[in-house]
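Please work from the sequences and hints to get the whole structure.
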Amino acid sequence: MEAAILVVVLFFVLFVATGVYATAKAVGAAKRGVDRTVAQARRTVEDTTLRARQLTLPGAAGEVAQLRLSLRTSMRATQETLRAAAPEDASLGEALSLFDRLSAHGRELDAELKRLESEPDRSRVATRLPGLRERTERIVHSADSLRWAAQDRARQFADDDLGDLTGQIQMEAGALRHWTPTETPTETPTETPAGTSTGTRAGGADAVEAADPAGPEAQPGQAGAQEAPRTPPALTAREPRLRTGFPWEKTRRPESTT
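Going from the sequence shown to the numbering used here is simple: count from 1 and add 2.
The calculated label-pair distances, taken between Cβ atoms and stated as ranges, are:
id	residue 1	residue 2	range
1	T39	G64	25 to 35 Å
2	T50	F17	41 to 51 Å
3	A160	R117	38 to 48 Å
4	G165	A24	41 to 51 Å
5	A160	T50	26 to 36 Å
Rather than coming from a laboratory, the hints here were simulated on the basis of the structure.
Note that the coordinates shown come from a computational prediction; the quantities given were computed from them, not determined experimentally.
Note that CB positions come from ideal geometry on N, CA and C, so glycine has one too.
Rendered as structure tokens:
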């Protein structure tokens, strides 16, 4: 009985702990989502404010707003590009490390430019503006170089993969078209000038002539020297009137005796 109670208590404690853990995870995810939304909204408001200052404030104040906007836009675009491509390309790990170091300089410069926005001494702002402009250009150029290199790398990989895929598809398409059997060429007898074909000769007399190349004019000594299993049949001359003509020969009319 005590063992059953202990098991029930353990299940209850496990159930409560699981519920607390799930609740904490849900609250943490919701908090991160809220923080992300708030940060994005804050960035949007700041960017909109900088664009308005760039267009409305004259002189050094408007240029400071322009430098901040250019710096923030370039750094944000590079960060999004590298973090989106890093899971699929391990070679971008070093680029991310370099960008983290560059981001530290970017945040420091953005804070310095932000302090100049509230500086009442305009001459001091104008004095420090050339150096800040140079730093901004260097950081923006470095961030753009990393972003463009990552984009070119991803595009090259896509082009290579597409080229390989196209070649495989062409090979498969060619293999799928091999449904027509290859026709075997047949030998056609060629006509000799004498009007006989080079293939199998028809007729018993021709077969006998082919078997006995010496023909009926063979010498008796040669015939006796050869051991033939049987005596070849006698050759008879063809009847001239049984000879069939060829299609290309013209029929001759009998000459008139009158």
